Structure formats: C-alpha cells, structure tokens
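> Taken in order, these protein sequences are the chains called A and B.
Per our numbering, residue 55 is the first one in the first sequence, and the count goes up by one each step.
Per our numbering, residue 2 is the first one in the second sequence, and the count goes up by one each step.
Hint data in this document are derived by calculation from the structure and do not stem from the laboratory.
Here the structure is a predicted model, which means the values were calculated and not measured.
Watch out, some of these pointers could steer you wrong.
As the list claims (entries may be wrong) - Pairwise CB distance ranges (calculated):
id, chain 1, residue 1, chain 2, residue 2, range
1, B, ASP79, A, GLY70, 47 to 57 Å
2, B, ALA69, A, GLU72, 40 to 50 Å
3, A, GLN95, B, ASP59, 26 to 36 Å
Said to hold, decoys possible - Every beta carbon over 10 Å from chain B, so not counted as near; a handful from chain A, in silico:
id, residue
4, GLN65
5, SER81
6, ASN82
7, VAL97
8, MET143
C-beta atoms are modelled at their ideal positions from N, C-alpha and C, and glycine is treated no differently.
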Amino acid sequence: EPEVTQTPSHQVTQMGQEVILRCVPISNHLYFYWYRQILGQKVEFLVSFYNNEISEKSEIFDDQFSVERPDGSNFTLKIRSTKLEDSAMYFCASTPSPSDTQYFGPGTRLTVL
Amino acid sequence: QKEVEQNSGPLSVPEGAIASLNCTYSDRGSQSFFWYRQYSGKSPELIMFIYSNGDKEDGRFTAQLNKASQYVSLLIRDSQPSDSATYLCAVLTNDYKLSFGAGTTVTVRA
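Bound conformation, chain B alone:
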C-alpha cells in the first residue's frame, strides 16, 4: 500500500486561477506534513508545513489538514506562470523520515 498518494495530474490552470492539490496518507500516527515544490532537475523546495488540523495560509498558498480523513491539500491562489512545477506532498513518519508522494505537475497557462 502506498504511504502517500497525490492526485496524479497533470493539472493545467489559467493564470490567476486557483490550483488545488490533494494528498492522502496511510499512517494515522503521522503528525507533520509538508508541501515541497520541485522544478525540473532541481531539488525539493519547501513551500509550507502544517501540523494541526485546519487551514494555514502563507501568501498565495493555503494548506489544509484533516487528520481524521488522513488528507492534506494545498491551494495556490492567483496562480502565476512561475508556479508551474511539480508539487510534492511529504509526510514525516514516526521514525522521522520523509515519505513523499509521486507529485502533481502543475502548469499555469499565461
């Protein structure tokens, strides 16, 4: 069973629209959740982390966590062409390693 699953994409949105990315995880004991952005050929870059149920906003990004449903999401508001990248959902396991999803590729059309 996959530990972290993301909507497969690719996701194409027009500039200025909202991009919605989803992630589910299997380990109910997980406590820390991260969204990384990865441009092609580059390393993962932290966008946001979230530990508590509910919403967390940082600029144009909002992360949502629902531990009961084992679900994490990321909303990108007012999407820009520079947001075009692969977004990785990562869950910190009980032995403190990051378990990554396969990523969702987002393309923002100008």
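Bound-form chain A, shown alone:
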C-alpha cells in the first residue's frame, strides 16, 4: 500500500539554523500539506500546496517558512532561522483531491536547541 514518507525522522538543530524537512507524497496525489504538533498540543495546519503554488497558509506559516516541490516526487518544508518554539513534530500529508482523506507521513521530530 502506498505511503507518505518523510526524512529525517529526527532532526536536531541549533537556534538560528536553517532546516529542510523532506516528504515524498503518495505518487498519484496532487494536494500536499504540512501540519505540526507541538508536544502535548493538537495538530495544527501550516500550509497546503497544489500545482506548484501555496493554496492556503496559517498564521503560523510566516516568512521564516517556505515550501517547495523541487522535483516530481519530493515536497519540502524549509525553516530559515529556527526558533526554540519551532520544536515540534512536523507531518506531511497528501490527498488525490482536496475533499478526500488526507494521508499522513510518519513525521519528523524537530528539536531546536
């Protein structure tokens, strides 16, 4: 069964450093998402992406964040200058159409020191 994959599973970085989180969505899916979950809190929407453009973004998704689909398979989330409060699990999700079920990857745990 096709799955969303994410790398790395755990990323430790120093405050102020740039990180890139990678996702490979399910191959026939066209809509991609990033969510995050701070420890002990609820899952929060960050951004949706379709046809090489951001469709929606939350207020969390400020200028420090960017997304890209650099090739036909990868979908990346970049945080330019990490802050302590960026420490969280970051989940990528994909779906064939926006009203369909979103399937989540295993997540990347980001720890900012």
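Given the coordinates of chain A, work out where chain B should sit on it, guided by the hints.
Frame of chain A; chain B shown alone:
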C-alpha cells in the same frame, strides 16, 4: 472560539466494553469529518470518515454525524488493549484544511 472540541478524557474502559468519543465543531458549513488514531510519538492514522448524517459502521468502529447539532461521535465496540491511543476528531474546513480537536486519550484496561 475553538473550531473543534472533544471530550477531554482521559477515558478508561475495561477490555470488551464500548468506548464513546464525542466531538463538536463550530463551522456549520463543514461537510467532511474524520477520526484519526494517534499512538504516542506517531502520526495520525485514519480510522473512519463520514460525510452524511447518521451512522457509519466499519468493523468495531461506528461513527455518528449530526450536522444540525454539529456533533460527531465515535464508538469503539469490544475495546481491546491495542485500541489504547489518542483519538483525534478532524473537520475539513471550507478551504480544505483539516482542523483538529485536542484529542481524547483512551486506555483499555485488560
């Protein structure tokens, strides 16, 4: 105002019992509703989705939707220790993002 609210839990049930999870949402225009299961440190895993008013059954799980009351529930019948997890109610908003509740943690006692 919180968009999606769940009964806070934690919910502890004996093995074989029914676990009942509740969720309310604020956006009356929402059309699609999902229950995800999340084990500690893992990603959300889809249990069920429901679009229409009424009940939808899948094995030991039954989802119930009442759009007039803006209420979604999940029943887990014959609860097993492996059902111990946090259950997330998620509502698809009009701009096609998932809005999650805080989750209800269920513990099934053997």
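> Which numbered hints turn out to be false for this structure?
Violated hints: 7, 8; rest satisfied.
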